[in-house]
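Engineer: Produce the entire structure from the sequences given, and follow the hints as far as they go.
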Amino acid sequence: MIDRTHDAAVYETICGGYDDRLFAAAAIGTTDRVLDIGCGYGRTTMEAPRRAPEGHAVGNDLAAPLLEHARRTARSENIRNITFEQGDAQVHPFPTKEFDVAISRMGTMFFADPVAAFANIGAALRPGGRLACAVTADPRENDLAMVLGSAVADHLPPRTNEIGAPGLSSLADPDRIREVLTAAGFTDTGIEKIETRIAAGRTAAEAATLILGWGAAGLDVDDATRTRMHDALAEGLRNHRHPDGIRLRSAGWLFTATCV
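Just so you know, the sequence shown maps onto residues 1 to 260 in the working numbering.
No lab work stands behind these hints: they were computed from the structure.
For glycine and all other residues, C-beta sits at the position ideal for the given N, C-alpha and C.
Be aware that one or more of the hints could be misleading.
Claimed, not checked - Pairwise CB distance ranges (calculated): (1) THR83 to SER150: 36 to 42 Å; (2) HIS242 to LYS97: 47 to 53 Å; (3) GLU54 to ARG176: 22 to 28 Å.
Structural biologist: Laid out in structure tokens, this is it:
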């Protein structure tokens, strides 16, 4: 069994700055049943039952290893009103009208058919149920995406960062978000910008080690290539030095909507 504690901690470093605004928008009540889409290592799912001690939280993700880490963490923290389910939220058979709130932190950008996916999520919400999601904004406003992408570009399959294209930037345009949610049957869409900074490390080399260990862990490259990637990443990160260490801009959209 692979210990994913390090990866989970790095992911929280990268995405944790969105949590306060996300949960404020979700307005989870004491008895609410909460669905967390693309829950990954489960930290946002585990926050939900703390806000709904008489409710329940369900975390959904495609990645079985991440879900197993989430289950172990929840057990270790004695969180009982929580469940984790593997599946593609676009087609997963969620129970109909079961949830009061659906949340997602960076988990809704990779659907093959976003309209179908959000319609499926909406079907799992009770009438009047709330949706609150955080997604990335334009990659050019996200230093991590730019510096990491540049460092590993030669070792990845060709891909596009075009706004609206499937992938990380699929919901980077607010108009596209509104279009998708309206087509999926949601109303009262609200969208606001979130801007935060990632505390990546004390030095560029330290930050490169941290980020590369997470962002390129699955790449099939030899040690010499990985060293070159590390050096390229560290060089890019030096442009983001501040008195208190390496700080990276992170920008996203927080959107909310209501299920009809």
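Engineer: Now look at each hint and say whether the structure bears it out.
Structural biologist: Status of each hint after checking the structure:
1. In this structure the supplied range 36 to 42 Å holds for THR83 paired with SER150, their Cβ-Cβ distance being about 40 Å.
2. Between HIS242 and LYS97 the Cβ separation comes to about 48 Å, which falls inside the hinted range of 47 to 53 Å.
3. For the hinted restraint 22 to 28 Å between GLU54 and ARG176, the CB-CB distance of approximately 37 Å leaves it violated.
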